[in-house]
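Participant: My request is simple: use the sequences and hints to build the entire structure.
Each chain is listed here by its residues.
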Amino acid sequence: MESVFYTLQDFMLHSKNITYIVMGIVLIALPLFWRFLSGRDEKKRTY
Amino acid sequence: MSHDTTRDNKLFTPFNVITGIIILVGLVLTVLRFTKGLGAVTNLDDNNPWGLWIGFDLLCGVALAAGGYVTSAACYIFGLKRYHSAVRPAILTAFLGYALVVFALNYDVGRPLRLPYPIFLSPGTTSLLYEVGLCVFLYLMVLFIEYSPAALEWLGLSKIRNIIVRLTLVLTIFGVVLSTLHQSSLGALFMIAPSKLHPLWYSGYLPVYFFISSIFAGMSMVIFEGSLAHRYLHHKMDETHLKESEGVALGFAKAAAFVMMGYVGIKVIGLAIDNNWHYLATGWGAWFLVELIGFVALPALAYALAARERNLRLARWAAAWSVLGLVLNRLNISLVAFNWHLPSAQRYFPSWMEIAISVFIVTVGIVVYRFIATHMPILYEHPDYRTDH
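From first to last, the protein sequence lines are chains A and B.
Residues 1 to 47 (the working numbering) are what the first sequence spells out, left to right.
Residues 1 to 389 (the working numbering) are what the second sequence spells out, left to right.
Rather than coming from a laboratory, the hints here were simulated on the basis of the structure.
Where hints are given, some of them may not hold.
Some chain B residues close to chain A (C-beta under 10 Å, calculated; not the full set) [claimed, not checked]: (1) Lys254; (2) Ala257; (3) Phe258; (4) Gly262; (5) Val264; (6) Val268; (7) Ile269; (8) Ala272; (9) Asn275; (10) Trp277; (11) Tyr303; (12) Arg310.
Here chain B is said to cover these stretches of chain A; the calculated rule only asks that three of the stretch's residues, wherever they fall, bring their Cβ under 8 Å from a Cβ of chain B [stated by the list, open to error]: (13) 9-17; (14) 30-41.
Cβ-Cβ distance ranges computed for the label pairs, FRET-style [as the list claims (entries may be wrong)]: (15) B:Ala193 <-> A:Ile18: 20 to 28 Å; (16) A:Ile28 <-> B:Val176: 24 to 32 Å; (17) A:Leu27 <-> B:Ile119: 40 to 48 Å; (18) B:Ile160 <-> A:Ile25: 50 to 58 Å; (19) A:Leu30 <-> B:Leu342: 33 to 41 Å; (20) B:Leu121 <-> A:Ile21: 48 to 56 Å; (21) B:Leu342 <-> A:Ile21: 41 to 49 Å; (22) A:Leu27 <-> B:Leu169: 32 to 40 Å; (23) A:Phe36 <-> B:Gly204: 30 to 38 Å; (24) A:Leu27 <-> B:Asn311: 24 to 32 Å; (25) B:Gly204 <-> A:Leu30: 17 to 25 Å; (26) A:Leu27 <-> B:Ser344: 40 to 48 Å; (27) B:Trp277 <-> A:Thr7: 14 to 22 Å; (28) A:Asp41 <-> B:Leu298: 21 to 29 Å.
Note that the structure is predicted; figures quoted are calculated from it, not measured.
All C-beta atoms, glycine included, are put in the ideal place defined by N, C-alpha and C.
Facilitator: Have a look at this one:
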């Protein structure tokens, strides 16, 4: 992933692009993880 | 609650002998530290003025004491009353944690008698360290007041106890505000050293990382400490505590799993925003991944499985694993990845006396916790106040 950046604009464009993709993945993954976590809650909830 | 008299009467138990030896060695080293100075007992120098006592006693101590504000916020602010029985042990752990942080700080600063100076004589209002000091100073008092009803019930001072109990919500809000401030500021302290801390650990988001990790560290510590109390102080627990403990552990396991996965997410976002991916292919990168995957993502998965399957044993193992992960993270930031570019001869490694004093301080904490939990209504409700909530 090492690229040559000539300007701060180049660097920001590259790193922010990747960051937004990662953020999208995190935003999708976390609710899915929550569904996995609470998948069996209703049936066995005892408290 | 049943009383095991044989347990209470023996003096030379393995616990007493081992803690006695540790405390004795600690006292000798304490005399050495305060008579001969820092140089006699530590490997600290100008490159490494902050060593194990800051990295472990202070950074880990503060983070692992976060269970106090997390549990009381869950119970009193978010109204999750099913965690009520966990509040007192968590507050006690937090109070002792912070008290020992301040105690340990006396060993670490060159002139301990001047510790009150920043608060009362020369406040450095533009300094993060001042903010941390002020928050810890105030939060220690808040925790003392939050803990005091247990001591007052034990002493039979019901009038003062009733006044303090009425302040619970205010104290909880103070606790959350002060903790949010100083947990994050401890991370922000390291932002002054971008050239010293390895880029994989250095980030503009360090305050966020420290705060988020303190939340799951606090929850893990509540589960971990609860499992130790179940093992060694089972006879001191009342029926309510025993009945609620599984729900507390599994509820906290679920919350911790989610927060930990969120933490992994923001750590990866931090990597992306600083474009630090290429460091992952180095030895430092491998160590970073051991910390992030081995000691955060995997225990988070273990927590998730434990919460899903209602597996209490797995939740307790995951808690110990997460506590280790937190310790590893704080030591990495303050010691391992700090001054990473220096030749190995100039790197810091704590002397055996520094390690012994840290062990001594933790041991003092365990002994005081054991004394309080054995004598005061921490793991059970005092019979005179059962109908209070």
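Participant: Confirm or reject each hint.
Facilitator: Here is what the structure says about each hint:
Hint status for Lys254 of chain B: holds, given a least beta-carbon distance of 6 Å to chain A, under 10 Å. The beta carbon of Ala257 of chain B is positioned within 10 Å of a beta carbon in chain A (closest approach about 6 Å), and the interface hint is therefore held. With a cut of 10 Å, the hint placing Phe258 of chain B at the interface with chain A holds, because the nearest CB-to-CB distance is about 6 Å. A hinted interface residue such as Gly262 of chain B counts as satisfied when its beta carbon comes closer than 10 Å to some beta carbon of chain A; here the least separation is about 6 Å, so the hint holds.
Hint status for Val264 of chain B: holds, given a least beta-carbon distance of 9 Å to chain A, under 10 Å. Hint status for Val268 of chain B: holds, given a least beta-carbon distance of 6 Å to chain A, under 10 Å. Using the Cβ-Cβ criterion of 10 Å, the hint placing Ile269 of chain B at the interface with chain A is satisfied: the shortest such distance is roughly 5 Å. Annotation: interface hint on Ala272 of chain B holds; nearest CB of chain A at approximately 4 Å, less than 10 Å.
Given hint, Asn275 of chain B at the interface with chain A, holds; its Cβ is 4 Å from that chain's nearest Cβ, closer than 10 Å. With a cut of 10 Å, the hint placing Trp277 of chain B at the interface with chain A holds, because the nearest CB-to-CB distance is about 4 Å. At about 9 Å, the closest approach between the beta carbon of Tyr303 of chain B and any beta carbon in chain A falls short of 10 Å, and the interface hint on this residue holds. Proximity of Arg310 of chain B to chain A holds as hinted, the smallest CB-CB distance being about 6 Å (cut-off 10 Å).
Judged by the Cβ-Cβ criterion of 8 Å, the stretch 9-17 of chain A is covered by chain B as claimed, because 4 of its residues qualify and three suffice. Given as covered by chain B, the stretch 30-41 of chain A passes the check, having 8 residues with a CB less than 8 Å from a CB of that chain where 3 are the minimum. For the pair Ala193 of chain B and Ile18 of chain A, the supplied restraint of 20 to 28 Å holds, since their beta-carbon distance comes to about 26 Å. At about 30 Å, the beta-carbon gap between Ile28 of chain A and Val176 of chain B stays in the expected band of 24 to 32 Å.
At about 43 Å, the CB distance of Leu27 of chain A to Ile119 of chain B agrees with the hint of 40 to 48 Å. One distance hint, 50 to 58 Å for the beta-carbon pair Ile160 of chain B and Ile25 of chain A, holds here, with the actual separation near 54 Å. In this structure the hint that Leu30 of chain A and Leu342 of chain B lie 33 to 41 Å apart at CB holds, the actual value being about 39 Å. The beta-carbon spacing between Leu121 of chain B and Ile21 of chain A, approximately 52 Å, falls within the hinted interval of 48 to 56 Å.
Between Leu342 of chain B and Ile21 of chain A the CB atoms are about 36 Å apart, so this pair departs from the stated range of 41 to 49 Å. Leu27 of chain A and Leu169 of chain B have their C-beta atoms about 34 Å apart, which keeps the hinted 32 to 40 Å range intact. Between Phe36 of chain A and Gly204 of chain B the CB atoms are about 31 Å apart, so this pair conforms to the stated range of 30 to 38 Å. A beta carbon spacing of about 29 Å between Leu27 of chain A and Asn311 of chain B agrees with the range 24 to 32 Å that was offered as a hint.
Separation of Gly204 of chain B from Leu30 of chain A is about 22 Å and conforms to the stated range, judged on CB atoms against 17 to 25 Å. Taken as a hint, the range 40 to 48 Å holds for the pair Leu27 of chain A and Ser344 of chain B, whose Cβ atoms sit roughly 42 Å apart. As the Cβ distance of Trp277 of chain B to Thr7 of chain A is approximately 20 Å, the hint placing it in 14 to 22 Å holds. In this structure the supplied range 21 to 29 Å holds for Asp41 of chain A paired with Leu298 of chain B, their Cβ-Cβ distance being about 23 Å.
Hint compliance for this structure: hint 21 is the single one not met.
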